[in-house]
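**Q** Please work from the sequences and hints to get the whole structure.
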Amino acid sequence: MRKIIIVTYQGYFGQGLNLENSLNIDKLKEGLKYQGFSVDEIEIHNLLGEYQLEKEAIYWITSHQNKSVKHYLNNIVFGLFHDFDGEMITSLTNYLSHENKGLQSLLYNKGKNVSLVRQQYLDNTPKNLSYPKVIKTIDGAGSRGVGLVNCNDDIKKFLEKKHTFSITIQGFVQNIKFLIKRFTGIKYNKEYELYNKTRGGFVLQEFIKGLEYDIKALVFYDRCYFLKRTIRSNDFRASGSGKFEFIAPSKELIEKVLNIRKSLNSPFASLDMVLDGNEYKCIEYQTTHFGPYTQINAEFYFSIYENSIAKIKKTNDLESDYVYAINEYLRNK
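Under this note's numbering, the first residue of the sequence shown is numbered 1, with each subsequent residue one higher.
To be clear, the hints were calculated from the coordinates, so they are not data collected in a lab. For clarity, every value in this text was computed on a predicted model and none was experimentally measured. For each residue, glycine too, the CB sits at the ideal point set by N, CA and C. Any given hint could turn out to be false.
As the list claims (entries may be wrong) - Beta-carbon label-pair distances, calculated as ranges: (1) GLY242 / GLY277: 23 to 33 Å; (2) ASP85 / ASN46: 17 to 27 Å; (3) TYR195 / ASN265: 34 to 44 Å.
**A** As structure tokens, this is what we get:
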């Protein structure tokens with residue numbers, strides 16, 4: 001009997017419909033046990049100290065969208081699991097790339113294996129860029145931290161605005177000190193100021209002209225849910241527009257998201273998809289702690305059966321789909 005260890009943070013395991021709501025852990029445990037797994041639950045801080053990782057167990061670890069909590073979780077997970085011989089749901093690389101667009105752009109053959117729209121992970125503005133481009137901060141869900149830039153100055157303004165809103169009191173005081181020293185000349189060290197200048201990585205993504213919508217796809221092994229999100233008027237972003245429509249997908253789209261899920265080597269995935277000419281491409285992916293709106297509100301899910309589209313009435317809740325995906329994934333490895 002295989003054991004799955006669910007690792008929580010202060011009783012939280014993300015995520016339910018709302019960001020702050022946990023998945024129903026009791027339902028997950030009950031469903032996994034019904035499928036024949038042994039299931040334990042442990043708080044992440046209890047993995048520290050004298051605890052010995054169980055090499056025969058499968059660890060399923062929550063992530064988080066609170067930046068400070070996520071930083072804490074990432075450090076623990078990387079420190080404990082970077083040389084772990086056992087198994088994780090999902091992989092360590094996928095776990096660390098949660099809400100990290102920079103890392104996502106570097107993985108899977110720089111995105112080629114998951115049909116990622118061409119992206120560059122940068123910390124300054126390169127020369128000889130062609131515009132327009134979509135600029136994205138490294139973290140942040142939905143349309144937050146996303147902008148359209150048409151020149152180098154647009155990139156500078158976008159980043160300055162983001163840095164202004166994210167600056168800490170300590171950083172503000174430091175900037176005031178630098179300004180005083182710069183204008184008075186007292187103990188001013190230009191190299192030291194440049195070294196300490198607030199920076200931050202960002203992603204530049206190819207802009208797809210004429211885009212009218214994107215598609216949120218949630219994939220639980222071979223069960224696929226699709227939500228069409230129409231772009232807002234006078235904007236280029238679909239996420240957060242509120243213009244939603246559940247759609248019957250093409251066979252090509254179903255096959256594409258199933259293949260991406262397989263490439264990610266995860267039981268489940270959340271994918272933002274766009275149609276670029278005649279080809280479906282992925283803008284962003286998550287394999288942990290993703291919003292379940294599309295699954296919860298869909299009436300049907302879709303799959304491929306005997307080389308044809310299968311449209312199935314949904315009778316399963318969110319936790320049941322997670323259990324189904326894990327069971328099928330492990331059974332078919």
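**Q** Run every hint past the structure and note whether it holds.
**A** Hints versus structure:
Distance hint check: the CB atoms of GLY242 and GLY277 are about 27 Å apart, consistent with the given range 23 to 33 Å. Range check, ASP85 to ASN46: Cβ separation about 21 Å, and the 17 to 27 Å hint holds. For the hinted restraint 34 to 44 Å between TYR195 and ASN265, the CB-CB distance of approximately 40 Å keeps it satisfied.
The structure is consistent with each of the numbered hints, conforming to all of them.
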